[in-house]
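Peer 1: Here the structure of chain H is known, so what remains is to put chains S, G, V, D and Z in place on it, guided by the hints.
6 protein chains.
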Amino acid sequence: MTRVATVPPVAEESATGLVAEVYADIRRTKGIDRVPNLWRVLATNPAHLELVWSRLKAVMHPEGGRLTPRERELIALAVSATNGCAYCVNSHTAALRKLGVDVETLGEALAVVGMFNTTNALADGYQIEPDILPPLE
Amino acid sequence: MTRVATVPPVAEESATGLVAEVYADIRRTKGIDRVPNLWRVLATNPAHLELVWSRLKAVMHPEGGRLTPRERELIALAVSATNGCAYCVNSHTAALRKLGVDVETLGEALAVVGMFNTTNALADGYQIEPDILPPLE
Amino acid sequence: MTRVATVPPVAEESATGLVAEVYADIRRTKGIDRVPNLWRVLATNPAHLELVWSRLKAVMHPEGGRLTPRERELIALAVSATNGCAYCVNSHTAALRKLGVDVETLGEALAVVGMFNTTNALADGYQIEPDILPPLE
Amino acid sequence: MTRVATVPPVAEESATGLVAEVYADIRRTKGIDRVPNLWRVLATNPAHLELVWSRLKAVMHPEGGRLTPRERELIALAVSATNGCAYCVNSHTAALRKLGVDVETLGEALAVVGMFNTTNALADGYQIEPDILPPLE
Amino acid sequence: MTRVATVPPVAEESATGLVAEVYADIRRTKGIDRVPNLWRVLATNPAHLELVWSRLKAVMHPEGGRLTPRERELIALAVSATNGCAYCVNSHTAALRKLGVDVETLGEALAVVGMFNTTNALADGYQIEPDILPPLE
Amino acid sequence: MTRVATVPPVAEESATGLVAEVYADIRRTKGIDRVPNLWRVLATNPAHLELVWSRLKAVMHPEGGRLTPRERELIALAVSATNGCAYCVNSHTAALRKLGVDVETLGEALAVVGMFNTTNALADGYQIEPDILPPLE
Chain H
11 MTRVATVPPV
21 AEESATGLVA
31 EVYADIRRTK
41 GIDRVPNLWR
51 VLATNPAHLE
61 LVWSRLKAVM
71 HPEGGRLTPR
81 ERELIALAVS
91 ATNGCAYCVN
101 SHTAALRKLG
111 VDVETLGEAL
121 AVVGMFNTTN
131 ALADGYQIEP
141 DILPPLE
Chain S
11 MTRVATVPPV
21 AEESATGLVA
31 EVYADIRRTK
41 GIDRVPNLWR
51 VLATNPAHLE
61 LVWSRLKAVM
71 HPEGGRLTPR
81 ERELIALAVS
91 ATNGCAYCVN
101 SHTAALRKLG
111 VDVETLGEAL
121 AVVGMFNTTN
131 ALADGYQIEP
141 DILPPLE
Chain G
11 MTRVATVPPV
21 AEESATGLVA
31 EVYADIRRTK
41 GIDRVPNLWR
51 VLATNPAHLE
61 LVWSRLKAVM
71 HPEGGRLTPR
81 ERELIALAVS
91 ATNGCAYCVN
101 SHTAALRKLG
111 VDVETLGEAL
121 AVVGMFNTTN
131 ALADGYQIEP
141 DILPPLE
Chain V
11 MTRVATVPPV
21 AEESATGLVA
31 EVYADIRRTK
41 GIDRVPNLWR
51 VLATNPAHLE
61 LVWSRLKAVM
71 HPEGGRLTPR
81 ERELIALAVS
91 ATNGCAYCVN
101 SHTAALRKLG
111 VDVETLGEAL
121 AVVGMFNTTN
131 ALADGYQIEP
141 DILPPLE
Chain D
11 MTRVATVPPV
21 AEESATGLVA
31 EVYADIRRTK
41 GIDRVPNLWR
51 VLATNPAHLE
61 LVWSRLKAVM
71 HPEGGRLTPR
81 ERELIALAVS
91 ATNGCAYCVN
101 SHTAALRKLG
111 VDVETLGEAL
121 AVVGMFNTTN
131 ALADGYQIEP
141 DILPPLE
Chain Z
11 MTRVATVPPV
21 AEESATGLVA
31 EVYADIRRTK
41 GIDRVPNLWR
51 VLATNPAHLE
61 LVWSRLKAVM
71 HPEGGRLTPR
81 ERELIALAVS
91 ATNGCAYCVN
101 SHTAALRKLG
111 VDVETLGEAL
121 AVVGMFNTTN
131 ALADGYQIEP
141 DILPPLE
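Sequence order for the protein chains is H, S, G, V, D and Z. For the first sequence, counting from 1, position 28 maps to 38 in my numbering; every step adds exactly one. For the second sequence, counting from 1, position 57 maps to 67 in my numbering; every step adds exactly one. For the third sequence, counting from 1, position 95 maps to 105 in my numbering; every step adds exactly one. For the fourth sequence, counting from 1, position 2 maps to 12 in my numbering; every step adds exactly one. For the fifth sequence, counting from 1, position 108 maps to 118 in my numbering; every step adds exactly one. For the sixth sequence, counting from 1, position 100 maps to 110 in my numbering; every step adds exactly one.
Among the hints, erroneous ones may be present.
If several chains are the same, the list does not tell them apart, and a pair holds so long as it fits within one copy or across any two.
Derived lysine to aspartate or glutamate pairs resembling EDC-like cross-links, with alpha carbons at most 16 Å apart [said to hold, decoys possible]:
| id | residue 1 | residue 2 |
| --- | --- | --- |
| 1 | K40 | E73 |
| 2 | K67 | E139 |
| 3 | K108 | D43 |
| 4 | K40 | D141 |
Everything labelled a hint here was simulated from the structure, so no lab data went into it.
Chain H extracted, bound-state conformation:
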């Protein structure tokens, strides 16, 4: 069996019980044939797998959400690029491409990500006080 990461992942054919149920829901919800590596590794603790998946499903596939799927994936890429997470950058770039985002638009998104990593460092590097805010009711 192929090893992935620091613990051996749970292959789809050997999944039973709660793990098999979550795997089936992942394939159905995302419309994919293969369960991605993240979930195979989380399956080494089935309760945690269920916890993370059900939360991600609620956050990314809500009924009547106020954000578009593209907005959600752009945020996901922004977080992942800022944290420098290789797995997540690959995953969310692929998701954005699937949503029809072309390479130039991806460049615009990463330009924004890059820009605010600069201003964050500058605002913190000078310890700049927030401007007075209008009440945000």
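Peer 2: Okay, now just chains S, G, V, D and Z, sitting in the frame of chain H:
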């Protein structure tokens, strides 16, 4: 004079030359009356002020951009929340409110930010290998 | 000679003086046969090698410590997963396994790491003020 | 009403429906009289409040958990100190004190946090390759 | 064609217009024969390529700058090691070596980087208040 | 007694034994009259105080160091701004001012910090492979 941050900011009434020009462009481009603290502090090095402002203007107010202003500000908030930058969180939350984003939608956006800070830590914490990507041409 | 990282590491057989002494102390203290890559690379600056090793030894192998070895390694993994450091995640996961932590317990630990990377992003993303603390005398 | 953070929090006396239920569960589970600021702010999006609280409850107060409450809070503090989150550092330090952790033990824990923020930076700063791992089955 | 990263880079021989101009300026300014991978990937959005390159050129190769080239590269390495960015650590280590920084001096620089990643975590982990500063006029 | 941070600091007049010795060495080495807050808080665990101070002294005040004091403080500021640590940014900005760094030069330094927080995010956001390095012997 009021002190801001680790260096004394340049007040609008004492700005001259390049600093005065940039301040005027900031007010005009953003449609605001008061130059925010970030730019007043950057003005202590006028060349740097011009460099950051012209870049931010190009990234956030491009002609014919492929992302919406709301998408840009959502990315900015995602980066700032992930980095924990107080100045920038306040600034981009205010910008989103100005664009008509209500408090519940803000909650959805931060739910996505929070979610992927978890999955980033999990993917890195288990050192999970990226799934095979389709060519992203 | 095999290259490791951005500088050539110091092999055990070519170590002399301070480097050889530190290498011996690492093998003895950790009960291992091979000096890990981190120390081989730090050995390119012997004074720095000694400084980091003696500090790590004091922090991780103290006499009369108030934390258990497992607590120390759990903290080490939490920091490394949050920072996304591949070398350190691998190293501290191996150390936890050696201490008898099984894969399901590791899943619980990373569940906690993941959870608080979310609440950190939310607390910072909303700029939430600390609750009033009881005096921590 | 006092403002907290970038959005107005939901006071306990004005909570209804799902928010009131979650608030009651927080007080009961944590054995406290006052709902902390984090939850009051998350309540501006009730579905998100419920999602984060139910996950945090499962992660921090599981039945038959393999980690001790002290181990969980040490991990929480390690993550929060590494991310520099003021709200969370205050909250988890208070939780550790409540669990009987004295100031010297807290110092040991933060010594470990500090140590591995150094080694993470060194391992990444030299791009050190992971040592060969024993299979972690 | 070889794939680099999540998007296909623009090879030097197929570059035209703005991309070809920027590539030529990179080779000339840096005195190198081959355009590094970063710029080949940014070239997938030519306007972004030009924006980042012109800013980096102004920041790293200014006329009459007050910092030495070595100081600039030391800062670049410090940021990159702290963020754990593999590409950038490799790039700035090579630049420092080109400037004559030997392996022992590199060790001193990373010792400083490592040290302050500790004190940052400690200052944040205890929420230590800044000392009163003398006015920094 | 004034409270600082999450634990009560050790005032200079109540310091005894190891803490008093370290306090005296801090005042002597840095040529200052007042022990900064960081050390007063670390003094709540005397062994940890001694460990951090002796390492910081070795790293920042070495005999025959290859980096200048200004280079060391620039690296310290770069790390602190990137991590967004308020205490440390204030402290290292004051140290740079004491070394004669004026406000414009500080602007140049933070321009470099800001720039590479962008390129780090871009290199990670596109998962760009390192260029082939010349051997760094």
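Peer 1: Give a verdict on every hint.
Peer 2: How the hints compare with the structure:
Taking the shortest alpha-carbon separations for K40 and E73, only the intra-copy value of 15 Å comes in at or below 16 Å, while the best inter-copy value is 31 Å. Proximity of K67 and E139 under a CA criterion of 16 Å is satisfied in neither setting, with 37 Å inside one chain copy and 22 Å between copies. Within a single copy, K108 and D43 get their C-alpha atoms as close as 15 Å, which meets the 16 Å cut-off; across copies the closest is 36 Å, which misses it. Proximity of K40 and D141 under a CA criterion of 16 Å is satisfied inter-copy only: 15 Å between copies versus 42 Å inside one chain copy.
Hint 2 from the earlier list is the only one contradicted by this structure; the remaining hints agree with it.
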